[in-house]
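**Student:** Sequence:
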Amino acid sequence: MLSEESIVAILVAVLASGSVSSLTTYLLKSLYEKSHGSPRQKALETGVQALLFEKLGKLHREMIDRGGWAPDAEKQMADRIYQAYHDLGGNGVGTALHDDILRAHSRPTKTEE
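For the sequence shown, the numbering used here gives the first residue as 13, with consecutive numbering after it.
Derived by calculation from the structure, the hints in this document are not laboratory data. You may find that some hints are simply not true.
Restraint ranges, calculated between C-beta atoms of paired labels, are given here [stated by the list, open to error]:
| # | residue 1 | residue 2 | range |
| --- | --- | --- | --- |
| 1 | Glu45 | Pro120 | 49 to 57 Å |
| 2 | Val32 | Ala96 | 41 to 49 Å |
| 3 | Thr121 | Gly69 | 35 to 43 Å |
The C-beta atom is built at its ideal place from N, Cα and C for all residues, glycine as well.
Produce the entire structure from the sequences given, and follow the hints as far as they go.
**Tutor:** Dropping the structure here:
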């Protein structure tokens, strides 16, 4: 028969190993999510990136509809939107839209007035 001290030692060992295992699992999961982002965080970033791209596209369409010019305030807005979009990993078509808006005249040309 096991002594009371042996039973306590076994219980402590079992509980400690479970705690270490749980703590290790928690720490590994936290490290993974910190480096890769949680699925929820990734979904939020992707959604925000899509909304920013859509707004950039809307500003570009408005510029085209107005005859290819963009007021300075819209250029500044396009630049702020693009910086956030780019920081979230967006590029390519969004970069082309941004660059096109920034290159546009700030006022209508004489022939467009």
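**Student:** Between Glu45 and Pro120, does the beta-carbon spacing fit 49 to 57 Å?
**Tutor:** holds, 51 Å
**Student:** Given the hint of 35 to 43 Å, is the C-beta distance from Thr121 to Gly69 inside that range or not?
**Tutor:** At roughly 24 Å between Cβ atoms, Gly69 and Thr121 fall outside 35 to 43 Å, so the hint is violated.
**Student:** Falls inside 41 to 49 Å, the C-beta gap from Val32 to Ala96?
**Tutor:** holds, 42 Å
In summary, the structure is inconsistent with hint 3 from the numbered list given earlier, while agreeing with all the others.
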